[in-house]
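Let the sequences and hints guide you as you build the complete structure.
Residue numbers (the working numbering), protein chains in the order written: chain A, 1 to 378; chain B, 1 to 296.
Treat the hints with care, as some may be off.
Just the calculated beta-carbon pair ranges, DEER-fashion [said to hold, decoys possible]:
#1 B:282 to A:196: 41 to 49 Å
#2 B:56 to A:285: 52 to 60 Å
#3 A:211 to B:238: 54 to 62 Å
#4 A:151 to B:59: 30 to 38 Å
Here are some chain B residues pointing at chain A (derived, C-beta under 7 Å) [said to hold, decoys possible]:
#5 4
#6 113
#7 124
#8 125
#9 205
No wet-lab data here; the hints were simulated from the structure. Keep in mind that this is a model prediction, so the values were computed, not measured. Just so it is clear, CB atoms sit at the ideal spot from N, CA and C, and this is done for glycine as well.
Read off the chains here:
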Amino acid sequence: MLLVLMTVSFGFGQTNVVVSEWRVPFLNSLTGSIAAIGEFLQWGANYAADEINAAGGIAGKPVKVVPVDTALDPQKGSVEMARVVKDSLVAMGPVPEPVIMAAMPIAVENQMVSITATTSYEYASQFFPWTVSWFPPTLDRLPPLVVAWAKQFGDMKQVVQFIEPYGPWPGMADAHSKALKSLNIKEQKAIEVPSDAVTFGPLVVRALDQKPDGVILVCNAEKAAKIIKELKSRGWSKMNHILVFSSADDAQLYSTGGMDLNGVQVYNYLNLDISNPRWDKFKVEFAKAHNGNMPFSLSPNYYDALYMIKEAIEKTGVTGDPKKLKEERKKIADYIANVKGFKGLLFDWDMKDGVPTNKPTYIFEIQNGKKQLVQEVR
Amino acid sequence: MPLSLYYYLSIAAVNILMSWALYVPYRVTQLHFITIANMMISGYLAGYLVLHVHVPFVWALLIGFAVGGIIGYVVSLFIGDAPTFAVVIVGFTFIYITRTVVENLSIVGGTMGMFGLPNIGGNPVAHRWIILGILYGLVVLCGFLIHRFDHSSIGRAASAIFVDKELASSLGIDIKKLGMLVQTFSCTLAGGVGVLYGFIYKSFHLDFFGFALIGVYMTVLFVGGYSTQWGPLLAAPILYGVPLFFPPAVQSWRIVIYGVMLILVLVLKPEGFITRKSVYSIGLALSRKRGKVIRS
Numbered sequence: 001m002l003l004v005l006m007t008v009s010f011g012f013g014q015t016n017v018v019v020s021e022w023r024v025p026f027l028n029s030l031t032g033s034i035a036a037i038g039e040f041l042q043w044g045a046n047y048a049a050d051e052i053n054a055a056g057g058i059a060g061k062p063v064k065v066v067p068v069d070t071a072l073d074p075q076k077g078s079v080e081m082a083r084v085v086k087d088s089l090v091a092m093g094p095v096p097e098p099v100i101m102a103a104m105p106i107a108v109e110n111q112m113v114s115i116t117a118t119t120s121y122e123y124a125s126q127f128f129p130w131t132v133s134w135f136p137p138t139l140d141r142l143p144p145l146v147v148a149w150a151k152q153f154g155d156m157k158q159v160v161q162f163i164e165p166y167g168p169w170p171g172m173a174d175a176h177s178k179a180l181k182s183l184n185i186k187e188q189k190a191i192e193v194p195s196d197a198v199t200f201g202p203l204v205v206r207a208l209d210q211k212p213d214g215v216i217l218v219c220n221a222e223k224a225a226k227i228i229k230e231l232k233s234r235g236w237s238k239m240n241h242i243l244v245f246s247s248a249d250d251a252q253l254y255s256t257g258g259m260d261l262n263g264v265q266v267y268n269y270l271n272l273d274i275s276n277p278r279w280d281k282f283k284v285e286f287a288k289a290h291n292g293n294m295p296f297s298l299s300p301n302y303y304d305a306l307y308m309i310k311e312a313i314e315k316t317g318v319t320g321d322p323k324k325l326k327e328e329r330k331k332i333a334d335y336i337a338n339v340k341g342f343k344g345l346l347f348d349w350d351m352k353d354g355v356p357t358n359k360p361t362y363i364f365e366i367q368n369g370k371k372q373l374v375q376e377v378r
Numbered sequence: 001m002p003l004s005l006y007y008y009l010s011i012a013a014v015n016i017l018m019s020w021a022l023y024v025p026y027r028v029t030q031l032h033f034i035t036i037a038n039m040m041i042s043g044y045l046a047g048y049l050v051l052h053v054h055v056p057f058v059w060a061l062l063i064g065f066a067v068g069g070i071i072g073y074v075v076s077l078f079i080g081d082a083p084t085f086a087v088v089i090v091g092f093t094f095i096y097i098t099r100t101v102v103e104n105l106s107i108v109g110g111t112m113g114m115f116g117l118p119n120i121g122g123n124p125v126a127h128r129w130i131i132l133g134i135l136y137g138l139v140v141l142c143g144f145l146i147h148r149f150d151h152s153s154i155g156r157a158a159s160a161i162f163v164d165k166e167l168a169s170s171l172g173i174d175i176k177k178l179g180m181l182v183q184t185f186s187c188t189l190a191g192g193v194g195v196l197y198g199f200i201y202k203s204f205h206l207d208f209f210g211f212a213l214i215g216v217y218m219t220v221l222f223v224g225g226y227s228t229q230w231g232p233l234l235a236a237p238i239l240y241g242v243p244l245f246f247p248p249a250v251q252s253w254r255i256v257i258y259g260v261m262l263i264l265v266l267v268l269k270p271e272g273f274i275t276r277k278s279v280y281s282i283g284l285a286l287s288r289k290r291g292k293v294i295r296s
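Right, dumping it as structure tokens:
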């Protein structure tokens with residue numbers, strides 16, 4: 001009986017699919033100022049494709065991730081998206097926000113899912129149901145993290161934030177403020193970090209003049225590291241009273257900050273300490289391909305995105321038939337918006353109307369360039 | 001019309017118009033980068049008016065032109081006859097100031113940007129045709145105006161200023177007045193184009209108006225040729241279009257190819273591909289041909 005069922009279901013998948021290969025375009029910034037990030041996002045997607053193909057492909061057919069370079073350029077991104085929507089079933093990207101804003105309206109107009117797995121809920125939700133958010137709303141997910149961080153220290157009465165005005169970051173700072181308010185911690189006048197800042201001494205002096213007990217850094221990795229170095233050089237000693245936000249948790253933080261980061265806390269979705277066979281293998285292969293570095297923040301996002309596409313195609317019986325393009329695009333959109341028990345690389349999660357409902361987040365403490373888990377926050 | 005062709009044509013038109021917005025002041029040696037700030041100001045203002053005040057698009061567009069022109073005129077009162085680098089610095093400063101203001105204005109979306117601009121004409125197809133119609137209408141109109149300008153006594157006065165300001169002054173040319181005229185024209189144009197630029201994407205983000213745009217328009221101007229209006233007209237679609245047709249394997253070398261092309265042009269043809277001489281020669285050849293046809 002089991003054999004019959006297996007034969008029928010296998011045969012069903014085989015005969016329905018009309019494509020010889022699934023092609024998934026990935027609109028990514030492979031050149032330009034964030035090419036380094038684009039590279040490891042692409043690596044994650046390609047790695048997933050290799051793994052899927054080695055295990056028999058999607059519904060029996062191999063998958064190919066087609067890199068589409070948008071070069072961090074909205075002009076190029078829009079033309080590339082216009083090409084992609086012509087006949088693609090589903091896509092991934094774009095990356096990052098300016099290209100998302102220029103290109104995603106094209107995907108929406110043509111009713112094609114393009115998974116934007118690196119941006120915040122506030123951007124992704126503008127394009128529902130033709131994308132999903134990889135993160136819960138900022139005002140829901142960040143306050144518990146900041147509360148958990150601040151509650152560790154009874155002496156924390158006043159906190160100052162350094163905020164770089166880029167995309168969703170001021171909104172993330174607002175979410176931190178909400179948490180501080182809920183704990184009756186006084187938030188001092190925020191220090192704006194200009195996008196083109198090269199020296200940080202004056203900014204740090206202005207912050208220290210307010211005599212804060214804690215510091216939250218909402219700026220890019222390099223700037224965060226330099227501010228921490230400045231704080232330390234001016235006598236700041238309570239290093240775990242510094243919290244770095246997730247977007248700054250990448251290679252430049254560690255390469256620039258070095259040993260001065262010891263004790264600093266950081267929050268993120270990525271937990272290198274989790275162990276499962278897939279994630280362990282991913283870490284090893286990532287390190288091999290990246291000079292021994294462990295996966296950076298966001299590294300698994302497009303790995304998971306491709307698996308989510310695989311699951312949607314297989315579970316909804318999508319065939320890849322160009323005549324059914326509109327209908328099958330809708331099937332994928334409906335499926336991924338409410339996928340349940342999705343087996344991600346690090347953990348399983350559910351989606352409700354395009355928003356993840358139960359992804360864990362973590363607070364780490366940095367010691368000798370490595371992150372040590374302080375606590376998990378759900 | 002294929003969607004990718006629409007985006008290609010519309011952005012090529014934006015690049016032609018914005019390169020002309022740089023070309024016209026450069027006729028009197030001024031690199032007027034304030035035009036990028038004008039795009040931003042008028043674009044965001046029109047977006048706000050359409051989205052939140054429900055002003056019809058046509059009015060928002062006209063207000064965009066007007067605001068660009070007013071800013072250009074007021075600024076030109078101070079820098080109408082300023083040297084090249086002073087004008088460049090004013091332009092950069094304006095871009096910084098405008099970015100900072102927009103970053104801190106939550107009513108236009110701040111750092112997040114402005115989403116969900118409506119379709120003009122009620123549906124996407126009409127929207128695309130209207131945008132293309134306006135853009136290419138502007139290309140024709142501005143092309144005609146710039147052509148008339150280049151072939152008028154004012155254009156010749158601009159050429160004299162380009163060669164030697166003091167000589168031009170001694171010939172009785174009012175350098176400041178002419179500078180004010182070209183600056184106001186380019187800012188007016190940039191204001192309107194900024195509005196259309198955002199409506200192509202149906203959104204606004206600060207990084208749509210980044211310093212990269214200066215690089216794009218400068219490349220178009222100097223590779224195409226800064227001494228005639230035809231240079232930007234031909235270079236904008238080619239420079240924007242060629243990389244789109246690179247095979248994927250070559251895509252990552254795009255910047256290198258651009259760079260090599262720029263260096264080659266600067267070394268081999270410093271005036272750019274289309275020069276006045278080449279325009280004159282083509283014009284002459286065409287008129288001879290026309291003459292032969294008439295005689296026969």
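Proposed interface contact between residue 125 of chain B and chain A, which counts if any beta carbon pair is under 7 Å: Interface hint status for residue 125 of chain B: violated (10 Å vs cutoff 7 Å).
A range of 30 to 38 Å was offered for this pair. Does it hold for the Cβ distance of residue 151 of chain A and residue 59 of chain B? violated (54 Å)
Restraint outcome when residue 205 of chain B is required to lie within 7 Å of chain A by C-beta distance: holds (5 Å)
Cβ separation of residue 282 of chain B and residue 196 of chain A, checked against the hinted range 41 to 49 Å: holds (44 Å)
Restraint check, 7 Å cut-off on beta carbons, for residue 124 of chain B near chain A: holds (5 Å)
Chain A contact restraint for residue 4 of chain B - C-beta distance below 7 Å: Residue 4 of chain B check passes; min Cβ-Cβ to chain A is 4 Å, inside 7 Å.
Is 54 to 62 Å respected by the C-beta to C-beta distance linking residue 211 of chain A and residue 238 of chain B? The hinted range 54 to 62 Å holds for residue 211 of chain A and residue 238 of chain B, with Cβ atoms some 60 Å apart.
Cβ-Cβ distance between residue 56 of chain B and residue 285 of chain A: within 52 to 60 Å? Taking Cβ atoms as reference, residue 56 of chain B and residue 285 of chain A lie about 56 Å apart, which means the hint holds.
Just to be careful: measuring from the Cβ of residue 113 of chain B to every Cβ in chain A, is the smallest value less than 7 Å? holds (5 Å)
The structure shown violates the earlier hints numbered 4, 8.
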